[in-house]
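Asker: Single-letter residue listing:
Number of protein chains: 2
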Amino acid sequence: MDRRGKRPRTRRGKMRRLLQLCRLELHGRMSFIFGQHLIKPSVVFLRTELSFALVNRKPVVPGHVLVCPLRPVERFRDLHPNEVADLFQMAQKVGNVVEKHFKGTSLTFAMQDGPESGQTVWLQKHDKVGDPSTKWRSEDEMAAEASELRAYFQ
Amino acid sequence: MDRRGKRPRTRRGKMRRLLQLCRLELHGRMSFIFGQHLIKPSVVFLRTELSFALVNRKPVVPGHVLVCPLRPVERFRDLHPNEVADLFQMAQKVGNVVEKHFKGTSLTFAMQDGPESGQTVWLQKHDKVGDPSTKWRSEDEMAAEASELRAYFQ
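Top line first, the protein sequences correspond to chains S and L.
Every letter in the first sequence is one number past the one before it in this note's numbering, and letter 27, counting from 1, is 27.
Every letter in the second sequence is one number past the one before it in this note's numbering, and letter 88, counting from 1, is 88.
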């Protein structure tokens, strides 16, 4: 189907449709966008049609993870109502798992929205449990944590 | 209609339905619950079927307001998906108005969820814009601010 929902009839139309599908599939498999960063699927542990959750390269505390909309936006106000709903319903699920996995008893959810709020990437959502930590982590370490968290949602 | 969605046929059923409506209406008009506190309608500036927004007695910064679910819960995990959606869709709307009204350029949304996160009331949601302030405000001052904010949604 093309943008107007019609199935292509010509050979050229069919080829274009096939290319569109390939691009979408590749995009879905190969990368996620978080602000100006391209995210590897290995660090993503949950995904819906509108949102995804990933582990952090430099967690402020153990269990500091990010929940993001799939569609890149500059400000929170740019998200559509269904994207807002999906993002925070995912944040709720992720919070439960993070609290359990890191044996926490509380969570902090924070969203810095705009340049004066300390925002360094364009949209983020945190869940924090535990003690402070400031080290940069390797890709393997991040992939291992993502794999552990992913298991809770399967 | 009773709990099963049927319209009452007997006189007793009709009276019971009328009483239910009165109670709901009274609850809607007379009080909101925020954690262990009873909130006066004069400080509430937005309400949906599931959430409400109010001004703060002791704002950390000008434009520090609260967005709460109407159903009192102990933790974020206790909210149903539609309550989560409504709460954050309201937070988005309120954030837009607060940023405009207080002439801000950024917002911080924070939810302290559980005793170890610094939570003093059971569920809250903040939008902050501007400079620090720590004074306690009078009910009149709060009602005046709520009235100004309410006007944006009318």
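Worth double-checking, as some hints may not be accurate.
No copy is singled out in the list; a pair is fine if it fits within one copy or between any two copies.
[What the hints assert, rightly or not] Here are the simulated EDC-like pairs of lysine to aspartate or glutamate, each with C-alpha atoms no more than 16 Å apart in a straight line:
#1 K93 / D78
#2 K58 / E139
#3 K103 / E141
#4 K93 / E141
#5 K40 / D140
#6 K58 / E141
#7 K40 / E116
#8 K103 / E139
#9 K100 / E116
#10 K100 / E139
#11 K103 / E148
Just so you know, the hints here were simulated from the structure itself, not pulled from any lab data.
Asker: For each hint, tell me whether it holds in the structure or not.
Answerer: Here is how each hint holds up against the structure:
{"no.": "1", "hint": "K93 / D78", "in the structure": "between (23 Å within a copy, 11 Å between copies)"}
{"no.": "2", "hint": "K58 / E139", "in the structure": "within (11 Å within a copy, 44 Å between copies)"}
{"no.": "3", "hint": "K103 / E141", "in the structure": "neither (19 Å within a copy, 43 Å between copies)"}
{"no.": "4", "hint": "K93 / E141", "in the structure": "neither (23 Å within a copy, 39 Å between copies)"}
{"no.": "5", "hint": "K40 / D140", "in the structure": "within (12 Å within a copy, 53 Å between copies)"}
{"no.": "6", "hint": "K58 / E141", "in the structure": "within (11 Å within a copy, 43 Å between copies)"}
{"no.": "7", "hint": "K40 / E116", "in the structure": "neither (29 Å within a copy, 32 Å between copies)"}
{"no.": "8", "hint": "K103 / E139", "in the structure": "neither (24 Å within a copy, 42 Å between copies)"}
{"no.": "9", "hint": "K100 / E116", "in the structure": "between (33 Å within a copy, 15 Å between copies)"}
{"no.": "10", "hint": "K100 / E139", "in the structure": "neither (23 Å within a copy, 41 Å between copies)"}
{"no.": "11", "hint": "K103 / E148", "in the structure": "within (14 Å within a copy, 44 Å between copies)"}
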